[in-house]
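Given the coordinates of chain A, assemble chain B onto it according to the supplied hints.
Chains as they are written, first to last, in this note's numbering: chain A, 1 to 311; chain B, 1 to 311.
Don't take each hint at face value.
As the list claims (entries may be wrong) - Using 35 Å as the maximum straight-line C-alpha spacing, the simulated DSBU-like pairs for lysine-lysine come out as follows:
#1 A/Lys133 <-> A/Lys70
#2 A/Lys233 <-> B/Lys200
#3 A/Lys297 <-> A/Lys19
#4 B/Lys282 <-> A/Lys200
#5 B/Lys282 <-> B/Lys297
#6 A/Lys304 <-> A/Lys147
#7 A/Lys184 <-> B/Lys147
#8 B/Lys233 <-> B/Lys113
#9 B/Lys233 <-> A/Lys172
#10 B/Lys133 <-> A/Lys133
#11 A/Lys282 <-> B/Lys184
#12 A/Lys73 <-> B/Lys133
#13 A/Lys73 <-> A/Lys200
#14 A/Lys147 <-> A/Lys73
#15 B/Lys19 <-> A/Lys233
#16 A/Lys147 <-> B/Lys293
#17 A/Lys233 <-> B/Lys91
#18 A/Lys147 <-> B/Lys282
As the list claims (entries may be wrong) - If you want a taste of the chain B side facing chain A, the calculated C-beta under 7 Å gives, among others:
#19 Asp145
#20 Lys147
#21 Arg211
#22 Thr227
#23 Asn229
#24 Val230
#25 Lys233
#26 Val247
#27 Gln305
Claimed, not checked - Here are some of the chain B residues that sit facing chain A, going by a computed Cβ distance under 8 Å:
#28 Leu166
#29 Asp169
#30 Ile176
#31 Glu180
#32 Gly183
#33 Leu187
#34 Gly206
#35 Gly210
#36 Ile231
#37 Leu234
#38 Glu236
#39 Arg245
#40 Phe252
Worth flagging that the hints you see were computed from the coordinates, not collected in a lab. The beta carbon of each residue, even a glycine, is placed where N, CA and C say it ideally should be.
Number of protein chains: 2
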Amino acid sequence: MNIGLDIMGGDFAPLEAIKGLELYFNLQRTTNNVQLHLFGSLPEHLPLPTDNITIVPTTQVIGMEEHPTKALKEKPDSSIAVGFAHLAQGKIDAFISAGNTGAMMVGSLFSIKAIEGILRPTIGAYMPRENGKLGWLLDAGINSDCKPENLEQFALLGSIFAEEVLGYDRPKVGLINIGEEEGKGNLLAQAAYPLLRQNKQLNFIGNIEGRDVFLDEADVMVCEGFTGNVILKLAESIHGLVQRRNVHDEFFDRFEFEQYGGVPVLGVNKPVIIGHGISHAKAFLNMIRIAEKMIEKDVIGKIKQSLQPSA
Amino acid sequence: MNIGLDIMGGDFAPLEAIKGLELYFNLQRTTNNVQLHLFGSLPEHLPLPTDNITIVPTTQVIGMEEHPTKALKEKPDSSIAVGFAHLAQGKIDAFISAGNTGAMMVGSLFSIKAIEGILRPTIGAYMPRENGKLGWLLDAGINSDCKPENLEQFALLGSIFAEEVLGYDRPKVGLINIGEEEGKGNLLAQAAYPLLRQNKQLNFIGNIEGRDVFLDEADVMVCEGFTGNVILKLAESIHGLVQRRNVHDEFFDRFEFEQYGGVPVLGVNKPVIIGHGISHAKAFLNMIRIAEKMIEKDVIGKIKQSLQPSA
Chain A
1 MNIGLDIMGG DFAPLEAIKG LELYFNLQRT TNNVQLHLFG SLPEHLPLPT DNITIVPTTQ
61 VIGMEEHPTK ALKEKPDSSI AVGFAHLAQG KIDAFISAGN TGAMMVGSLF SIKAIEGILR
121 PTIGAYMPRE NGKLGWLLDA GINSDCKPEN LEQFALLGSI FAEEVLGYDR PKVGLINIGE
181 EEGKGNLLAQ AAYPLLRQNK QLNFIGNIEG RDVFLDEADV MVCEGFTGNV ILKLAESIHG
241 LVQRRNVHDE FFDRFEFEQY GGVPVLGVNK PVIIGHGISH AKAFLNMIRI AEKMIEKDVI
301 GKIKQSLQPS A
Chain B
1 MNIGLDIMGG DFAPLEAIKG LELYFNLQRT TNNVQLHLFG SLPEHLPLPT DNITIVPTTQ
61 VIGMEEHPTK ALKEKPDSSI AVGFAHLAQG KIDAFISAGN TGAMMVGSLF SIKAIEGILR
121 PTIGAYMPRE NGKLGWLLDA GINSDCKPEN LEQFALLGSI FAEEVLGYDR PKVGLINIGE
181 EEGKGNLLAQ AAYPLLRQNK QLNFIGNIEG RDVFLDEADV MVCEGFTGNV ILKLAESIHG
241 LVQRRNVHDE FFDRFEFEQY GGVPVLGVNK PVIIGHGISH AKAFLNMIRI AEKMIEKDVI
301 GKIKQSLQPS A
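Isolated chain A (complex conformation):
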């Protein structure tokens, strides 16, 4: 399989991406024949096994603060633009970047496009849970105004990702709400509930509340991107609080989100992984692993299948 990696993305580019690659090759946990395609301007001496690496030199970089659509148009030789071109042409099977999130979203939608039938592709977020597992919250901020059908699709996309990549068996899906019973919540949550309940592809457990996010209740937690983004950023802030208060605890250490690597853009035609701007080596390692797993398990194929009328 061919995995593309934007070596210019993130605050510590390209050094941490390279270190992540080193980790990846040193651990050699893969049984897949992985070829890494690096997009960007690379250091002269790469401490890497060159057999497994193809370098695609690019001359431009899209900055973290640039306007996505404008930047992609004006920088056709940027690592992100060239990466998406390779992805669209089938030269790579997945594309990873810790760069400009907006440019990664726009690049996904314009080059490989949304899967037919998907109304709104989505990005999720990992949530540390007291039981030691990770929760998968979506949407995490891309779709701030949603229709009930969007939430149903987020649940489906999230369930497939949680099952195939996070390793859950029939992941429990919870609808984030402000009460336990059906009929509670705002108009969106009220309308989404029956859609989730009726969808036989989902293991829907009903409403969950803010207090359940870090607990065992649900593996996949669904909401519109406004609430999801507030939850994500609030959860991220706990790490800083824990550090400044000098609290040392295994559970609270798991609020350091950088360790989880990146998140996939779910609902587009090929695996695209977006990393946090502050990604370090371990995050890059994890992103490569996620891409590898998405290809290996044919997550995209399974999403397409789930959208068939017979599914």
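This is chain B only, laid out in the frame that chain A set:
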């Protein structure tokens, strides 16, 4: 001043309410001539200074899970129904209960009613902040679908409460959102921003994000009740996590929400304070203090003033 207290409300009624009264009288921090009116069925021997206490015996109790409107109708001699009747008749100046929240809301709206010009009364929530102060988040779950004008009024109501009762000088108001700049967010947040910015009665500091809730950014945090309730319940869950992980820290101890007593129903014509079902003595003490301060500072009068066209 005359303060009414529902002695039957809360999981530990009437014992903890009585203990709270004891604390209140023992501390004697008030310079106001406070007469407490107790609604309910009281123990025979009250360990209280009877000079300052008027007992209003009632024979019925509205349970925590009862349907609010139905219960108020079918139990006219319940402590909540009689309390609101006294409040509406001016026999008491404020009413406190740790009982059925829905019945307290419905009772407020039907007996003393919303202040003229207030579109939607609201309930807030205290948020522990790293700087040692409390934040004031509203709406905390009563109004899950809102219009921009509702958020503007929540900001105004919250600012007056934060200034008069929580002691902030020109409290900083933040709009909870998913980005820093104006124009970010869902349709509601986008439309609410200019209303908040243009309102000269507000010290509006712009958007705040999930990561800012526990920090110094804003004293008053405004959002619709869906997001607000998710934030509140997520914050409440941190206390249990901290306890189960055996973390001992002054800041994280402040996530025990019971210590803050109750919250006012803001936007109705008289002070109404609603307590948590699990309220203990200290919470009742704090609720009496909040009622006392709301009367002393004429919070209702100031809210009415702020709604005048000349304000």
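Problem set entry | Structure versus earlier hints - violations, ascending order | Going through the list in order, the structure violates hints 1, 4, 12, 13, 15, 16, 17, 18, 20, 27, 28, 29, 31, 32, 34 and respects the others.
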